[in-house]
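Asker: Same order as they appear, the protein sequences are chains L and C. Numbering-wise, the first sequence is residues 1 to 163 according to our numbering. Numbering-wise, the second sequence is residues 1 to 355 according to our numbering.
Honestly, the hints are just simulated from the structure, not real lab data. Predicted model, so just to flag it, every value in this text is computed and none were measured. Hints are not guaranteed to be accurate.
To be verified - Below, a list of computed lysine-lysine pairs in the BS3-like style, where the Cα atoms sit at most 25 Å apart:
#: 1; chain 1: L; residue 1: Lys-86; chain 2: C; residue 2: Lys-178
#: 2; chain 1: C; residue 1: Lys-42; chain 2: L; residue 2: Lys-86
#: 3; chain 1: L; residue 1: Lys-86; chain 2: C; residue 2: Lys-185
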Amino acid sequence: MGFLTRTVMLHRTIYDMDSEDQEADEAATKPTATESLSCHQHVAYSASFQVPAFYFNIFDSNGSPLPISDILETAFFRSSIREDTKATTFAVSAGDAAFPLLSQGDHPVLGSPSWYLHPCETANVVGELMDEIQHNPDWNDESRLVRWLETWFMVVGTAVDLE
Amino acid sequence: MSTYGARHYNSQATFSTPASTTLFRRLTWEGTVPLEVRVDSKELPANSDRGLECYYVQAPRVSYLPLLMPEIRRFLMDVVFDEAAAEILKEDEWWFESEDGIPMKWHWSIGLIYDNHAISHSLRSTRVATSGVPLKLTLHLASPPSDKLLLSPSVEACKQAFMGQLKEADFIRWGNTKRMTSLRKAEQDGIWEGIKEHNFDDFWRVASKVTPTTAPTRTQSPPPSSASVHGRPPSADPGNVPDRDGAYSVRCIPVRVYLPDGPVLQDLVPPMVEDGSPNTLGQYLATHIPLLFPLQPPPPPPSRTNPNPQAPAVQQLAYALIQGVLAPPEAEMAWLGACLAGADGWVNVCVGLVR
């Protein structure tokens, strides 16, 4: 039971909202500082769906995890994800899909609280792309699996910024 | 309970749930655990009536901590807090901690929390884990540890977590979530209302549409063409409609194994093993955690002096709790999935150590 992990620094702009300014027009608030955010990213195996799943947490400069509303505001999330989705404190859902796109849950190895991109459609989406490129007769099983994982990262990259 | 079972006993309708299945589902549903909830004395608001801050409840195993918060709040308001304190009480800041200092996961069912605590306790105590001692919980009113607990406990978040588990269980069983997604919205909401109101009939009216039954396939199926008595593989009998929804026809059973103090194991658990016989709890545990559940050696061949030889005794190192019950190794995984799964569809096997 292993998993891949890395930590990436992100940034967000802080708007000065101290007490005197709260009455002020929102357009008048100016960005005052940049806050560093720490994004912990994990790739762990989903035993239920038999595919890798992308888990992450984003922490502010005090080490507190960001709630979903703030996560969606970061540049980590592709803006396309914010369209046509509905967010609660627990999950982000698109349309009438069976599973939420993004949800809270226990990390499958560490048991710690995490956000994860739901892996229910992963096999179908990656499989569809693989069908288009799988005709290369030179590939052995291993290079096919590597290609599968590369394609998986590409698919995940359509939702979040993995740069 | 017995009257409920009797109502179904003589029913031979193809899709009815057998009385024995209903009985075990009823027993699982009615299972409760004792909780002792005490507000952290350091966090009591000013003017609290100290000495009364302890609340006892016999909580349903299939319920969740956020669902208990309203009654705990009522109790606290009645006897402990004054009006001013009510203003500052925010339930989505509440969290519960065991005596061992472990924060309780609000998205786990209360039965799982209780059993998981029991097995963790088995590391430190020789006390039998299944006795009905109250689980002592400290209620903290603020600052939940965000590195241990999911954010923002609320009834709505709890519902979303529950429905997510239910759908995941559905996917594991059938390889898709068609059964869950074909439920109307009112039905999906009805499942959760059944949990919230602890109403067995409301819950199972809908849940029985997604949960396999232990239909008596041996009597209803056509005579098996193969010689194997246990031969009930999913593909062998495509025309047999009741069997298609049967507990032994699922692709896999949603099972998680909890070990003391931490790791949760999950793997695909098919209902049948390669030789066509039902997968049992003993086989499953011996395969996945052989050091704790070594396979029983076979008995020696019979001889004149010993015509009925017994298998040599193996020292028991660990035990398995399912719904608080010590589960025998010969229990079939498919049966457990149909009868002893939690309301979210998962069979939770808590492994404790024998000391």
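Asker: Take the hints in turn and mark each one as holding or not.
Answerer: To see whether the hints hold, each was checked on the structure:
At roughly 22 Å between alpha-carbon atoms, Lys-86 of chain L and Lys-178 of chain C fall within 25 Å of each other, so this suggested pair holds. With a C-alpha separation of about 39 Å, the suggested pairing of Lys-42 of chain C with Lys-86 of chain L is violated against the 25 Å cut-off. The hinted pair formed by Lys-86 of chain L and Lys-185 of chain C meets the criterion: a straight-line CA distance of about 17 Å does not exceed 25 Å.
Violated hint for the displayed structure: number 2, the only one.
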